[in-house]
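Could you put the whole structure together from the sequences, leaning on the hints where they help?
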Amino acid sequence: DAKTTQPNSMESNEEEPVHLPCNHSTISGTDYIHWYRQLPSQGPEYVIHGLTSNVNNRMASLAIAEDRKSSTLILHRATLRDAAVYYCILPNAGGTSYGKLTFGQGTILTVHP
Amino acid sequence: DTGVSQNPRHKITKRGQNVTFRCDPISEHNRLYWYRQTLGQGPEFLTYFQNEAQLEKSRLLSDRFSAERPKGSFSTLEIQRTEQGDSAMYLCASSSVSGATDTQYFGPGTRLTVL
Numbered sequence: 001d002a003k004t005t006q007p008n009s010m011e012s013n014e015e016e017p018v019h020l021p022c023n024h025s026t027i028s029g030t031d032y033i034h035w036y037r038q039l040p041s042q043g044p045e046y047v048i049h050g051l052t053s054n055v056n057n058r059m060a061s062l063a064i065a066e067d068r069k070s071s072t073l074i075l076h077r078a079t080l081r082d083a084a085v086y087y088c089i090l091p092n093a094g095g096t097s098y099g100k101l102t103f104g105q106g107t108i109l110t111v112h113p
Numbered sequence: 001d002t003g004v005s006q007n008p009r010h011k012i013t014k015r016g017q018n019v020t021f022r023c024d025p026i027s028e029h030n031r032l033y034w035y036r037q038t039l040g041q042g043p044e045f046l047t048y049f050q051n052e053a054q055l056e057k058s059r060l061l062s063d064r065f066s067a068e069r070p071k072g073s074f075s076t077l078e079i080q081r082t083e084q085g086d087s088a089m090y091l092c093a094s095s096s097v098s099g100a101t102d103t104q105y106f107g108p109g110t111r112l113t114v115l
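Which chain is which? The protein sequence lines are A and B, in order. Each residue of the first sequence is one higher than the last, beginning at 1 in the numbering used here. Each residue of the second sequence is one higher than the last, beginning at 1 in the numbering used here.
Simulated from the structure, these hints should not be mistaken for laboratory data. This one's a predicted model, so the numbers in the text were calculated from it and none came from an experiment. One should not assume that every hint holds.
[To be verified] Simulated coverage check for chain B against chain A, where a stretch passes if three residues somewhere in it have a Cβ under 8 Å from a Cβ of chain A: (1) 59-70; (2) 98-111.
[Claimed, not checked] DEER-style ranges, computed between Cβ atoms: (3) B:Ala100 x A:Pro21: 19 to 27 Å; (4) B:Arg15 x A:Met59: 38 to 46 Å; (5) A:Met59 x B:Thr2: 14 to 22 Å; (6) A:Glu45 x B:Arg22: 18 to 26 Å; (7) A:Asn23 x B:Arg15: 23 to 31 Å; (8) B:Arg81 x A:Asp67: 26 to 34 Å; (9) B:Arg22 x A:Asn57: 27 to 35 Å; (10) A:Ser53 x B:Thr13: 17 to 25 Å; (11) A:Asn8 x B:Arg9: 38 to 46 Å; (12) A:Thr26 x B:Glu28: 42 to 50 Å; (13) B:Gln80 x A:Met59: 26 to 34 Å; (14) A:Ser28 x B:Glu56: 26 to 34 Å; (15) A:Asn23 x B:Arg59: 38 to 46 Å.
Quick reminder that beta carbons are idealized off the backbone N, C-alpha and C, glycines included.
What follows is the structure, given as structure tokens:
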């Protein structure tokens, strides 16, 4: 898998937007960018994924840089339930963009009331 | 369908004993993955199946570990002669491969403690 780099931790206040960055300078043209999060004592949970265009879903938005070397996960209004470890992952196996996920350390998001 | 389920949720065993975990994926998901997570670390890939075929195994998966998915539905992960270093959360995920990428849905995990 292409390597990703994320800050170790970030903090936010409740009801405020949160921008979680991810660098992936070695991304290839067919790599999708996936975000998962893991709440305390739970299995990881899919958040969002994208290839080139910005993406929105009910949980978050994904902003992808024009050169695709970085991306940002945006939580529009953080809640206490969003406190989790967020992982930016580029699945890649044999030229496809699915398969095993390689989790790094992720970003620990703390949300203050 | 209520998602991926794993049983048991917790297992305490003595060193040297064998343990088996079960994973029931989301119906009709053709891929099933096993991961292991130790405290403070992200999950690490162990192995995955497409239908009943085991397509990849990590170097982490020693000879004491074996996984099966006999009918392409549920899967079992067995650890023989457990060691204290096997203590971890064992996570299962499933996905449906269609298109250029897939989304993995994780179960709650089985926490193994080896005494």
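Taking the hints in turn, this is what the structure says about them:
1. 59-70: This one is violated; 0 residues, fewer than the three required, reach chain A with a Cβ under 8 Å.
2. 98-111: With 10 residues close enough to chain A, the hint holds.
3. B:Ala100 x A:Pro21: 19 to 27 Å: holds, 24 Å
4. B:Arg15 x A:Met59: 38 to 46 Å: holds, 42 Å
5. A:Met59 x B:Thr2: 14 to 22 Å: 19 Å Cβ-Cβ, so the 14 to 22 Å window holds.
6. A:Glu45 x B:Arg22: 18 to 26 Å: With Cβ atoms ~21 Å apart, the hint holds.
7. A:Asn23 x B:Arg15: 23 to 31 Å: For Asn23 (chain A) and Arg15 (chain B) the Cβ distance comes to about 42 Å; the hint is violated.
8. B:Arg81 x A:Asp67: 26 to 34 Å: violated, 50 Å
9. B:Arg22 x A:Asn57: 27 to 35 Å: holds, 31 Å
10. A:Ser53 x B:Thr13: 17 to 25 Å: This hint is violated: roughly 49 Å between Cβ atoms.
11. A:Asn8 x B:Arg9: 38 to 46 Å: Cβ of Asn8 (chain A) to Cβ of Arg9 (chain B): about 29 Å, so the range 38 to 46 Å is violated.
12. A:Thr26 x B:Glu28: 42 to 50 Å: violated, 35 Å
13. B:Gln80 x A:Met59: 26 to 34 Å: Taking Cβ atoms as reference, Gln80 (chain B) and Met59 (chain A) lie about 40 Å apart, which means the hint is violated.
14. A:Ser28 x B:Glu56: 26 to 34 Å: violated, 19 Å
15. A:Asn23 x B:Arg59: 38 to 46 Å: Given a distance of about 27 Å, which is not inside 38 to 46 Å, the answer is violated.
Checked against the numbered hints given earlier, this structure breaks hints 1, 7, 8, 10, 11, 12, 13, 14, 15; the rest are met.
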